[in-house]
Structure formats: C-alpha cells, structure tokens
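Novice: Positions 1 to 66 (the UniProt record's numbering) are the ones given, in order, by the sequence shown.
The reader is advised that the hints may include incorrect statements.
Taking lysine-lysine and the DSSO-like style, the derived pairs with C-alpha atoms no more than 30 angstroms apart in a straight line are [as the list claims (entries may be wrong)]:
no.: 1; residue 1: K34; residue 2: K50
no.: 2; residue 1: K11; residue 2: K50
no.: 3; residue 1: K2; residue 2: K34
no.: 4; residue 1: K11; residue 2: K34
no.: 5; residue 1: K34; residue 2: K8
no.: 6; residue 1: K2; residue 2: K50
no.: 7; residue 1: K12; residue 2: K2
no.: 8; residue 1: K12; residue 2: K50
no.: 9; residue 1: K8; residue 2: K50
no.: 10; residue 1: K34; residue 2: K12
FRET-style restraints, in silico, Cβ to Cβ [unchecked claim]:
no.: 11; residue 1: E41; residue 2: Y61; range: 18 to 26 angstroms
no.: 12; residue 1: N55; residue 2: Q20; range: 13 to 21 angstroms
no.: 13; residue 1: Y61; residue 2: Q3; range: 26 to 34 angstroms
no.: 14; residue 1: K12; residue 2: Q54; range: 25 to 33 angstroms
no.: 15; residue 1: E41; residue 2: K2; range: 13 to 21 angstroms
Note that these hints are calculated values from the structure, not bench results.
Everything numeric in this text was worked out from a predicted model, so none of it was measured.
Built from N, CA and C at the ideal position, the CB exists for glycine as well.
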Amino acid sequence: MKQLMDSKEYKKTLDFFDQQSHSCTDFEINLALKACISLNEYQCGMNIQKTLSQNSLNNPYIQATL
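Start from the sequences, fold in the hints, and give me the full structure.
Specialist: Here it is as structure tokens:
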C-alpha cells in the first residue's frame with residue numbers, strides 16, 4: 001500500500017484496502033484514510049472510521065488523519 005500511495009495511485013490503494021481490510025494494520029488504515037482525502041472521497045473515509053476498533057481510534061496517527 002505504501003508503494004501505491006507513493007506513486008499517487010490512490011484508487012488502487014483503496015481497492016487494495018477493501019480487499020484486505022479485515023487484516024490491515026493501523027499504518028495501512030491510515031494510508032487508506034489519506035487516499036480517501038486525496039480523492040475527496042470523504043464518505044469512504046467515514047465508512048472506514050465506522051469499522052475501526054477502539055484501539056485504532058485511539059491511535060494518534062489515525063486521529064490526526066481523521
């Protein structure tokens with residue numbers, strides 16, 4: 001996912017996240033949220049936020065992105 005973000009392939013980043021969302025780390029969740037922002041897909045970001053665990057919601061990097 002990091003390589004996709006670095007290449008500014010935001011849609012592919014979100015597609016990858018959708019396929020792997022059940023096993024993503026907080027780092028990957030943060031990348032997906034940043035891809036949503038880059039694409040102005042705020043509803044997508046809100047949908048990701050709804051699925052986050054309390055632990056992920058408390059992650060300072062995710063909080064800053066939200």
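Novice: Just pull the numbers of the violated hints for me, sorted ascending.
Specialist: 13
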